[in-house]
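Just so you know, the sequences run in chain order L and P.
Under the numbering used here, residues 1 to 606 are what the first sequence spells out, in order.
Under the numbering used here, residues 1 to 354 are what the second sequence spells out, in order.
Hints are computed from structural coordinates only; laboratory data are not their basis.
Do not take every clue at face value.
What the hints assert, rightly or not - List time: in silico BS3-like cross-link candidates among lysine-lysine, alpha-carbon distance up to 27 Å:
id, chain 1, residue 1, chain 2, residue 2
1, P, K157, L, K441
2, P, K200, L, K334
3, P, K2, L, K177
4, P, K102, L, K332
5, L, K20, P, K155
6, P, K2, L, K20
7, P, K2, P, K242
Unchecked claim - Covered stretches of chain P (in silico footprint by chain L; criterion: 3 or more residues with CB under 8 Å from a CB of chain L, positions within the stretch not fixed):
id, region
8, 154-167
9, 283-294
10, 320-331
Positions of the beta carbon are idealized from the N, C-alpha and C atoms, including for glycine.
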Amino acid sequence: MASEKYITSGCTISNNTVYKNGEIIFESRGTDVQSFLLSVYKHFEINYSRFYKMDNLCKLGWLASEILLKDDFKTVNYKPEEIGLILSNANSSLDTDQKYLASVRDIPSPSLFVYTLPNLVTGEICIRNNFKGEDAFFVFESFNAEFIERYVSNLLDNNNLQACICGWVELLESEYKAALFLVEKVKKENAVTFTAANMNNLFEDKSKSPEVYIAGVGVITATGNNVAECLASFEKEEAGIGEITMMNTVHRNELPVAEVKLTNKKLVEMTGLPKDISRTTLLSLVAAREALDDAAIPGLSSLRTGFVSANTVGGMDRSEAFFIDFIADNSKGKLRNVFDHECGSVTEAVADQLGITDYMTTISTACSSSANAIFYGARLIKNNVLDVVVAGGAEALTKFTLNGFNTLMILDKEFCKPFDENRRGLNLGEGAGYVVLVSEKVAKTLNDPLYCKLSGYNNSNDAYHQTASSPDGTGSYLAMTRALEKSGLHPSDIDYINLHGTGTPNNDSAEGTAVKRVFDPHYPPMSSTKSFTGHTLGASGGIEAVFSVLAIRHGIVYPNLRFETKMNELPFAPETRFLKDQKIKNVMSNSFGFGGNCTSLIFSEI
Amino acid sequence: MKIYIRSSAAISPQKTIGNVSFLTEPVEYTGTRLQAIEPDYSAFIDPKLIRRMSHVIKMGVAAAKECLNTADIEVPGAIITGTALGCLEDTLTFLTRLIELKEELLPPTAFIQSTHNTVAAQIALMLKCHSYNNTFVHKGISFESALLDAIMLLKEKEADNILVGGTEEMTDTSFIVLNRLGLFKRWPLSNLSLFDTPSKGTIGGEGAAFFLLTAKPSTDNLAELNGVQTFYKPSGIPDTEKKINAFLALHDLKINDIDLVIIGKNGDLKNDEIYNQLGATLLNEVSIANYKHLCGEYPVSSSFALWMAANIIKREEVPDVVREMDIKNLKPRKVLIYNHYLNLYHSLMLVSAC
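The following block holds chain L by itself, in its conformation from the complex:
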């Protein structure tokens, strides 16, 4: 029977440094191994005379176990037979073997000879603590977290053990490293799930990365001008797709799109921005302002605040107007219309309105742009560059993108049907979506409850083709698995996937294959909200991040509209109903784009 298992303590000793649970607790400079180990022994005021008899490998492993178990491990909670030890290294007892061999030339040293076995380390730890459960010592070329996870899980799941110390103890001449993990079935404070990825993180001495929380959300799409309206449309299962009404294009009445239901004039009134500004800027400001208001951060002006926004064609809607006149005569065309052509201009204009000056930047990686903006924002907080980041993206419909996707023949002339066997393509949409990310410190000052945290993220590249996805979904598979690794979660922990799900034959096939590779045979509910909003390109990652966050807050799963027939190649189908009152703890949001850019984000309940 599989049970919940946690790493309740971790200790790493390497490079003259002792880490406990990812934090440095002792450092010493420029000493040899022997004296370093002695300085650790003395620093932690351990009194155990056997220590002086041990060889260096045993000293290292034994010291790591002492530090691992000190403070809150109570042996009285277990019977001696219930505690085991599973260790490993690359060079067995070679360090002492060589010393023993050198001693043989004169008089063979019995005190060295007894340590010419690696499992003496496990022995020393068991003697000290009276552990009597299963123990073993394995030899691998390098730390094999996957093997240790499987082996130890088996012992714990079959109740051979209730607690196990496992890991790596390696020492050869001046090179050494110990990384021990205490695995128990009870969750303690600061415990992390027992996974290979979490062991690897601790093994690599990656100091514990600070959490980044979501404190506010804002969104505008074809289904609604704010969070409440978008949520209401989901519940009513009303898509925002329809005929083109605003753009002056030959494709009117031919290609459906998902327009935001506000004219530029109305958006200008709402935002107070100048009337000739790009629609992308207008949409961006509406959603970013909603997010920042929603977060209601006390004393915002005294915090280091940033704006990381994404879009793919900047002020293209205005540039199109400029170029009509310019092409006819290079001295014509209103310069004001081309002045904000750059993607960065959109970000800058909105940051100015929000009063954000500490940091701003713009990301453009096609349709994964704003997912990348969100986790770049989180990393700015983790790296202590900023305290608060408004992150996401915006995109308005343009003739440029409409015709671009049309030339690729991936626009559906009907309403799109993501993940359906008979899907024919995507519908373009427009909108903006932003989350407000805050540091642990800022989170403590908020009056309103936080939404959730960003627990995992990854950006991987498909490296297959400029526009098409690889048949086995390499990039999306890597993004999903590495994001899971980052979050320390198993695929089975994911309660909902907000798919990229554009509705094109190629994307849904590649993404579906990758989902199968990651999740088979246990699929969480999943859906593409692009069946409501259309594909909003550079805004999609931001908009769908907002929906993912709201899924956790309200316990909902969004329906995948118009789905009829399961894809032949896939064993699963998307969720077609609006589900309420669900227990949604972890949500994965996928965003994939041209250039092979694949990004997955994972949001988790706090």
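Take the given structure of chain L and dock chain P to it, following the hints.
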């Protein structure tokens, strides 16, 4: 954690790529548009692919490849680029056809290659590099944003051997539009005498410069990259001075510890006023070098400056053509790059000898 520039390669309006001397034979231009000197791309890119690539893609991919070759790295741990305008040529081609052909029967190639991340994507595709891939497109700090991302990735121990670069192309159309916007000088002049007669406007440029950043020390490293910082809309010269001093203080330095300051003067009166004022105050005792007369003004020109700084440190020489005046230390060990973009975005990069 120390971060090093393992290697660097630049394609620019000067002879900078391949086995060439270090800016000893500056190329003179007499117009207001400096165009990159293109290498034989077949040395870097599969000839079948070259044909389909636009100017900026070729420059970017070739500079990236040369940078990796020099470092003897086949596949980097991440690819990050900065570009304000992205693939302009393809963007404008598609936009022009869309208007001229009235949205009918358009060929898709230009659209496909118009996305801003095309250069980073093409490098990944060529190297089959599945790692982190990102593109920053924020005006005059696009390159600095990419650099900050690379530094954070190294600090997070998420990746090593990070390829980071700045790319920008000037097209005939963008030159005309920028000219109409008043960016360039109204009469031709020699780029080599750009700073002699201050007047309104600058000269336009373009280029691609790539860097391989690593956390591993090596005698082959060009220089140490101590840090990068940007700031927005400073309230005036005193504020700018305060920010520069604060940046230096982060690295336990004062301005007089800096052997050489590379500044972003571009010949435009208003633009250069800031450097001139600082030259009379904060920078009045340090040695100064210029670079925009060599590469022209463009949003990621600071990547050219970083290429120059890394080479100055490694080669222990300051080319004559970049010296503003007598240089106190001919083998600078600490170099500060200070550039501003329209007095909106200011950036600082600190590089030192390993």
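Against the structure, the hints come out as follows:
{"no.": "1", "hint": "K157/P to K441/L", "verdict": "24 Å, holds"}
{"no.": "2", "hint": "K200/P to K334/L", "verdict": "22 Å, holds"}
{"no.": "3", "hint": "K2/P to K177/L", "verdict": "22 Å, holds"}
{"no.": "4", "hint": "K102/P to K332/L", "verdict": "19 Å, holds"}
{"no.": "5", "hint": "K20/L to K155/P", "verdict": "20 Å, holds"}
{"no.": "6", "hint": "K2/P to K20/L", "verdict": "24 Å, holds"}
{"no.": "7", "hint": "K2/P to K242/P", "verdict": "25 Å, holds"}
{"no.": "8", "hint": "154-167", "verdict": "holds (count 3)"}
{"no.": "9", "hint": "283-294", "verdict": "violated (count 0)"}
{"no.": "10", "hint": "320-331", "verdict": "violated (count 0)"}
The structure fails hints 9, 10 (numbered hints given earlier, in ascending order).
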